[in-house]
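K.L.:
With the hints as your guide, set chains B and C onto chain A.
Quick note, the sequences are listed as chains A, B and C, same order. The C-terminal position of the first sequence is numbered 218 in my numbering, with every residue numbered one higher than the one before it. The C-terminal position of the second sequence is numbered 313 in my numbering, with every residue numbered one higher than the one before it. The C-terminal position of the third sequence is numbered 715 in my numbering, with every residue numbered one higher than the one before it.
Keep in mind that the hints were calculated from the coordinates and are not lab data. Watch out, some of these pointers could steer you wrong.
[Claimed, not checked] Ranges of calculated distance between the beta carbons of each label pair, as one might list FRET restraints:
| id | chain 1 | residue 1 | chain 2 | residue 2 | range |
| --- | --- | --- | --- | --- | --- |
| 1 | A | D148 | B | M220 | 27 to 35 Å |
| 2 | C | T622 | A | E152 | 23 to 31 Å |
| 3 | C | F543 | A | E152 | 45 to 53 Å |
Note that the Cβ used here is the ideal one computed from N, Cα and C, for glycine as well.
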Amino acid sequence: MEIERPAMAGTLESSDCQVTVEPGDGRIDFTLESAVINQYGNQIRKVVFETLSHLGVDNIKISMVDKGALDCTIKARVEAAVSRSMDQFVNALWGGAFE
Amino acid sequence: MINLVKKRLRRTMMFLNAQKPGLIKDPYIYRPDSIILDLEDAVAENQKDAARFSLYHALKEIDYRGCERVVRINGLDTPYWQEDIRCAVAGGCDAIRIPKVECPKDVHRVEEEILKAEKDFGMPEGMILIMAAIESARGVMKALDICEASDRLFGIALSGGDYTKDLQTRITGTGIELMGARQNLIIAARAAKVQCFDTVYTNLDDMEGFQRDVETIHLMGFDGKSIVNPRQIPIVHDIFTPSGKDIIFAEKVVREIEEKKEMGIGVFTVDGKMIDIAFYDGARRTIELAKASGVYKGDL
Amino acid sequence: MINAVGREIPEEILKITGKEPFKGNHYFDGYEYKKDGPSTRCVINSEGSKLVENIHEVLVKCGIQDGMTLGFHHHFRDGDYVVNMVMEEIHNMGIKDITICASSLGKAHDKLVEFIEDGTITNIQSSGVRGKIGRAISEGKLKGLAVMRSHGGRVRAIETGEVRIDIAFIGSPTCDDYGNCRGIGGKSDCGVLSYSMVDADYADKVVAITDCLVPFPNFPAHISMTKVDYVVVVDEIGNPDKIATGAAKPTTDMRKLMMADYCTQFVVNTPYFKDGFSYQTGVGGASIASTISLSKIMKERNIRMKFGVGGLTKPMCDLLENNQVDALLDTQDFDLNAVESVINPRHFRISAGEYADPFNKGAVVNKLDFVILAALEVDVNFNCNVVVGSDGIITGAQGGHPDTAAGAKCTIVIAPLLQGRIPAICTDVTTVTTPGESIDVVITDYGIAVNPRRQDLIDAMKNVDLPFKTIEELRDIAYSIVGEPERVQFDDKVVGIIEGRDGTVMDVVRKIKKFEFSGE
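Just chain A, same shape as in the assembly (with noise of 0.2 Å):
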């Protein structure tokens, strides 16, 4: 899928991420500010771009500022960024159409 126009899902509240969209250079262009950076870091980055796979998103920038959410947000709010940032995207929710 294609990324089609900036856009942002979530909050800056605790245990929340804010995560923002907008077309990339070709790749998946990925920064985060985390106050668990050190201890989540990696498997943060992990679960995004697990996510970013099964939407078949590759060309995308994406930066996330958390505060301490769990995978489940982390990739909830990565969906809704990148449903978005798109006209259609039905036919990917649930777990249906890229599994």
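P.N.:
Frame of chain A, contents of chains B and C only:
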């Protein structure tokens, strides 16, 4: 279809905004019987999409440790409810709470959508239950029909905010404005042999008022109450927990009935009270409540 | 060398500091030493006054020079102006290489970072540091080693002569022209001056700084004129709004209330909960809620507390007000109610030495039955970390944590299992501040773990209906929810030491390293 889960204990059903990670990550530590992950009123119009992603992954990944996971979908008059159901079913929720139910048809529409989603996502058919929220005068008058609308339906709940508006009154804290609805709903639910739940109590500064409210609906026969804050949980559980005396009596009744039945005796006395088979279900229920409340250590 | 809490202490650090690695709580029990007295300039003639025009003049009179050690107290908490005021003048005078020996430093002292960067300040010894100083130290900006020592440990270090304070500055809410200091009566009331008492006794020069000069005699003095060299009057010594705030409203957060309830239930089921027990608790929402629920049970069962210690807040002072406790022993006041309670004749001011010093002839903490504490992290050996944040940056203070934990018969730590994504119960804490041998019980929102060393407490809880778990079970629950954390990556450079209360090295703090994704 016989689904024993329909009868499970639901003293406390705690509303949580499905869009708030901080709320939905571990509500089980407060030990509510059920949680209601809300996609409707708690979620702002422009976050309906994000809330579904949040809900789906929470259902998929968080171990709610035995709490029943109910999803409150958006109203059938919105563009959201079908996708809400697909998301909740795909995530593997235990039940769907339908808001603003006014007639059996509302239940049927949701039932059809659930079945479709179960098929789409390869889920076993018929496992996901339904509860119907009654939020209008019409809903109250149709309560029995609604209760009997679906095999999946385990209970109905009064939603007092919208209902009192429809009645052209308001929530007073005394319960007087809810009298008729409460009475009607509990009677309808009992007639249909489904459960019945009372509306939320939103004034968190008045814990004594809350306690009185819960005592009232407990005596009226309700199975439980919708909860908006974990502080309310111990109060409800306390009121719904049978006393030591009740438990001992219920234990005797169950044992005596089981024993006397084999001997072919129909009516007998326990502690001076006339007892027959009609007491069995109630006594069983007392034991189950006592077990769930952690106060029963016996072997029944 | 590996110390008694399993921490690797580099030989080089032991060599530089001349310290031993931590060898257990009672390693120094019975140790004898000679205390180190201050040099004293006698005042015999009756002509002079101790009043000095300003900070600059007093620094000159005290003979300020490069390399000196200065003492400060933290009774003004986040409202303190004294440290910055003095250091700014020292900076303007071009003095370098100062060692700050404070009872604690906080957000009020962010400005000191400039002076750390330009070499005015090269050493910091404190209970802990918060805010920007913590970050600066963790980034390796301080030339010397930061020393984090407990309140009792600071008194020990000064009394043994390990630290010699050249000039002590005592911010004093009221003072007369001859140096009689009181913690109450002015516009910057802090109640007590406990942490400064050792400075007054052992510093070569003692300067009282006040914004409320009162007529002689300012009695009963909390710090006597006999120990004070000079008095300086300034416009403001602190911001009253940040020194003592209104009492915190009791928490309505169910998670904290649950932990408070577990704590109270645990306390009342121990054999120590009987008429005449003693108790200390902190300022967190759960500990305050626990004090409130405990007072109810005390009333119901007709049990009185013999004495309460602290770090005091309203709920503890209410016990005194309601005649449920015989005496309060006060080292610090956290809210206005505590400050106001100081005038109660059964509310006693004690010095930090009386409170917690392990190297005197016996401190109050040794007489404690219960202490309720918090922690950032607790490991499966019950070691606690209260100083270094999960990001590796120094962000907290030891305070009396290791002192009270070592002294009390029943030491309870309350911590929510998860702080955001950080598991409070873990395999290894980032840095050890309080050894596991001092910690008896850990209470979380997911369950309670009793230290297996305390079989007596485990037995006492046999029929108690609380969610008991092993500490490993609590860790496993935490990891199952948030995932197992990777260890924080540090640079090799040691930037500070966590000093045991007896002066040994409990742990070292290393310079932080910028995080990089692995495999990139």
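K.L.:
Now, for every hint given, state plainly whether the structure supports it.
P.N.:
Structure-based check of each hint:
no., hint, verdict
1, A/D148 <-> B/M220: 27 to 35 Å, "violated, 52 Å"
2, C/T622 <-> A/E152: 23 to 31 Å, "holds, 26 Å"
3, C/F543 <-> A/E152: 45 to 53 Å, "holds, 49 Å"
Hint violations for this structure: number 1 only, all remaining hints satisfied.
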